[in-house]
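J.: Listed below are the residues making up each chain.
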Amino acid sequence: MVEIEAFRQQVREFLEKEAPQSLRGLNDPKYAYWGGRKPELPHPDAQRYCELAAERGLTAITWPKEYGGGGLSAAHERAFHQELAKLGFPAPLTGFGLTMIGPTLLQFGNDAQKAEHLPQIVRGKIRWCQGYSEPNAGSDLASLATSAVLDGDEYVLNGQKVWTSYGDKSDWMFVLVRSDPTAKKQTGITFILIDMQNPGVEVRPILLISGASPFCESFFTDARAKVKDVVGGLNNGWTVAKALLGHERTMIANVFGASGGARNSNDKKNAIADIAREYVGEVADGSHKLADPILRDAITQVTMDTRCFLATVARNADNIKAGHRPGPESSMFKVYGTELNQRREEVLLKIRGPQALGWEGAGYTKEELDKTREWLRSRGNTIEGGTSEVQLNIIAKRVLELPGD
Amino acid sequence: MAIQLSLTEDQAMLQKTANAFFSEHSPLTRLRKLRDSGDELGYNRELFQQMAELGWTAIPFEERDGGLGMGLAGAILISEAMGRTLAVEPYIPSILLAGQVLALAGTPAQREAWLTPAIAGEKVLAFAQQEKTSRYSATNVQTKAAPSKSGGYTLNGEKHGVLAGARADAYLVSARTSGDSTAVNGVSLFLVPANTPGLKVTRQRRIDSRNAAIVELKDVQVGADALVGEKDGAGKLIESTLERATVALCGEMIGAMTAAFDSTLAYLKERKQFNVLIGSFQALKHRAAKMFIEIELARSATMLAARALDDNDPEGHALVSVAKARCSDAYVLVANEAVQLFAGIGMTDEHDIGFFIKHARTCELTFGDAAYHRDRFATLNGY
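Quick note, the sequences are listed as chains H and Z, same order. The first sequence maps to residues 126 to 530 in this note's numbering. The second sequence maps to residues 2 to 384 in this note's numbering.
Incorrect hints may appear among the rest.
Straight-line alpha carbon distances no greater than 30 Å define the calculated DSBU-like cross-link-like pairs of lysine-lysine that follow [claimed, not checked]:
hint, chain 1, residue 1, chain 2, residue 2
1, Z, 232, Z, 219
2, H, 211, H, 491
3, H, 394, Z, 145
4, H, 394, H, 446
5, Z, 145, H, 367
6, H, 522, Z, 273
7, H, 446, Z, 17
8, Z, 145, Z, 232
9, H, 414, Z, 133
10, H, 239, H, 367
11, H, 353, H, 250
12, Z, 34, Z, 359
13, H, 522, Z, 17
14, H, 414, Z, 237
15, H, 294, H, 163
16, Z, 270, H, 310
17, H, 522, Z, 270
Hints were generated in silico from the structure; no laboratory data involved.
Excised from the complex, chain Z in its bound form (with noise of 0.2 Å):
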């Protein structure tokens, strides 16, 4: 195997830095604040913008888009030391999603207008895609883009779980051109700028408590240049941003696994029944052995899955399923087993081990459930 799944010293630096970084500036504590305060953005434009200063926001993109040309390889460090301390800013919704759209089909005029604030952290970008009944496939959607009279088009639909879709400065937004809502051709996406007319955009509540939106479309009115890549075509480009995407919540996802089993680990070594420490009984070593085990294994296969894609190594579709799968799993087992493990105490809100479990479920139901990649695994090797 050609792909090398050691760290190489730069990308080790850059884990140890930002590991450092979101430990300081954004703890647990942070997330529960921001929840019980109803604060209605969800995450800090500061901390994102401190994050663009690091460099970090460029780290997927080429050099010719203002990036650091890191790949995915890159990102996961940044996405997995956001997942250990569950730090909340638009990583993956403005840089990972509408960004990578932008670099891998906006024009120069849009790239220039969104891309390049984006990667400053000056912007933030959302991606509306998601639809009430579409659950995980990219392409089954009812929104509508009509031709207008103006040469533009006329955008009329209602996207959810939009993510970082409250107060974002602008949405790429997908909405069906030709065919039926379920036909493979016909979809096509538009930049459309927070201040447009008709565009309603309402907080969601979620159980992770971020920052996810309806965005309603009513008679939106978009010029012919806010169609971002090819008109009908659109299908592929949201496939492969949303594969790209998907890498990197599975990073989130194994920083967050991993933190919730060291919590556990460390009750395990310190909470005693029975006059004895509760770690020393088998039945609960056993469970914590197979658990370090399933997140040896997420870790790996999101590793492969993130340089693959980088190489544009043609497994690589099938690896993301294989990342997303395992992810899943495993982190829901942890979240379950943390829960389980710290017992009473970890049914109760004052616990932090509460925001594991409703972050692994939401990270599950994002971009497709273990089941949805095993499906999408088997069709893309053709049984």
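One chain only, chain H, in its complex shape (with noise of 0.2 Å):
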């Protein structure tokens, strides 16, 4: 394996020669690039600089060469989003392909499985949703009803899923269905991947209350998806299931956790207060404080809240790198961060007082209409990928060992 410092020196080569240069700067999520059949193009030369990384391994890093990936280490992988974040460049693919449902078929595919799938993903060519939830299976997923009844290689498969991210703009889903209607909830599950071109299988996005539509509602009326897509067996669906959870969690304590952590600390100190200061001005003696101590002390809270996360993300990042086992603080990253977020949301919408109440049009600038529907959409992030009481339950039961009722 190459080493981490000459590793280093290649990511540097391509980005500076070899990727479009009109990229450079532009490593905003806004930019990030999904791939698919018919690929959205943040930027003109993302799929063209999506190919190129794909070519030299570096959309998939830790995967196995043989599958498109780069076969390196975590470290390597982390060596690249360090040298992308120096050189200003956006990752050069994104998505539940390479976050989801890849990892989960490096851990349950077959050989024939990870073959067909896995350089489809690394190359950006097919786009992934997550069948998980149905509009009466939320926290209960376990209680899950959509239907799969064989008929000769093909499952056919009757029901309803909710909350598909992005479904209307994906290829394949991977989908939890109910196998054996007569076997203990989580016994009669089964994990199945199904092209969504095939005749039966129809997606409409969901209006959220912030105007967005980043969900859709699936339903399935006889639609049709092979035997050979079944992942980890037949009715080991809920095992397969936990394990894609786990997967998803990092991805979320990622956004909240790590490198919302890296983005935060590196942007302006006290960047709530010079907002509040906008709108609320100073006191008149010159001390420069806000002329809102109310607003001051809310403001300062979670400041000191963010500034304790981030400190305990750091924390078990160390203790990670110091070879321990990540320790139990790791559990909260989801519940917290998300709790925090939402604080932040709610603090920023105080400052801007009525300025806050804009929709659309006239009498507000973009970045008031643009944060009154992020504070929105930030009430959807204790619901989403486990509900923060699920969570809590989670470390109740893990963490805190107690007992079950």
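Combine the two chains into a complex, taking the hints into account.
T.: Here is the structure:
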């Protein structure tokens, strides 16, 4: 395996000499490239950048080379992201193929499944979405009812999935289906892959309170999935699903923890206080204190809590680097990080005051309108990927070892 | 972030040794005995000397002062271990407060006469800074030091809440050498041995049962060599001393809140009502999980503040406030919840959890509560 320093050098050379220089300085989530059969191009060069990176194994650095990965370690992956950040490049590819189904196939997939799907993910050719939740199976996911009935070498699917992130933009879905209605809840579930071009698959976007539609509802009406696309064995889907949820939580924790933390700590110091100064002004005694003492205290609480949270994320990373197993502190990242984000949005809302009420049009800046929608969107943070209440149950059970009910 | 938030091997070893030491020599029952017997000193000099022999009193000092140079990152491991069993020895008063003042600003003669024996655990020093109405301000000082005919100073005033003040061997007293009682400048520090005429010390009885005292100064005569640091310029010295002691106190709070939480958690796993363990109730599980999170954040904030001060990181001043605000809120939450979850038995003096709710409030209201530190943080950050 190539040494980290040599690898960094290769990455720098790639970024400086081969990657489209038009993307330099665009390391912002809105320039993320998700790939797919009909890819959205956040930038005209995004697809070319992804393909160039994929040829070099840089889209999935830790995956085996035989599937188009880099065959390298997690440390190489961290180094890659550091080099990207230094030169201001966005990641060449993102999406649930890389973060969720890919790692799951590596763990549970057979050789044929890995050979079929992983290279397509690595090159950004296929975009994946997740078919887990149903209208009557939210926190109690195992009560899901979408049925799968065997018919030759295919399963016939009927039912409805909900909260399918970017379902309308995806090509394939990994779905949890009830394959044995007579078995105990968790034991009658199968994890299966389906091409969404197949007849009987219909996807509709869901309009959120924020006005955006990142999620969809998906309907299966006699839709057909192949037996060879069952992952991890018939009726063994719950095991696969839980492992995948682990990958999902890592991803969310990264958003609100590690990488989100890095992003926030690069933010201008006192960012929230500076915004507040524009809206509420300062006291007249020359001390530069914010004129609203209650807001000043609320800003400080959320700023301090962010500092404490980032320190805990850093402590966890340091402990892992020092060779300790991840401590119990890591289990709190999802619940605390999302609630902290909500509190931050609430404080920002109060800072803007009546200017936070704009939905669109005259009288509001673009930033004010965006922030109000971000506030509305943030209310979902404590629901998606496992509600805060479920997360607290997990801490109580796994970390505190409190008795079951 | 260059600061490392995992323990080094040396630190992990120190933590283990210190935890074992206080479990053995200072279990919770000891505080109850000291309280019930009305012990005038409120702690044990021999035990403190044992701590010194183990090198723990030397941890925060530089090698030139006879210290180990392990910084606050090391000192908080000791105060945390003490907090776990509510050990009462004057580690913070004599070492982190008075000792630090001498290490930061003492003359060679003052260091030799008082700091060296303080590190050796032979002498106990107290920091007489707070007054009845000064709350958390380092410079709200009414005690006066007037020039005396002999070229020294005459001290008059009254100090309150002097930690480990009863039967201390010497006092570091803040007094005004110029300006009115709220002026930022004009405060000086004086080293006053306990046997100085005009000094009267009265033990205070506080909710935490620890040694605290009123120190009255009536025409106390000290020489010019009693001045510690710059005349009129002690405000900064007091502030940085308080910062360091605050972080050490945060360590103690983490130890104590962890112990209170562990004890509560154990109770949730043994107490039955309605024929089930009360820890199986989701309402209580969620409260326990939230406490766990608060404690983790408090620990991170404290470790970060300790390391930032050790590294002279310019953000250190603000991080002290982050740590103290967080530890105050977290410990008060944990202690209040502990009493609520123990319920009836938690209200009785017979049960030890009451010591924690009293200790929590004492710590909260020492060196500034959460609101004070949020205000300080905002001011330091220019808003």
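J.: Could you tell me which of the hints above the structure violates, numbers in ascending order?
T.: 3 and 5
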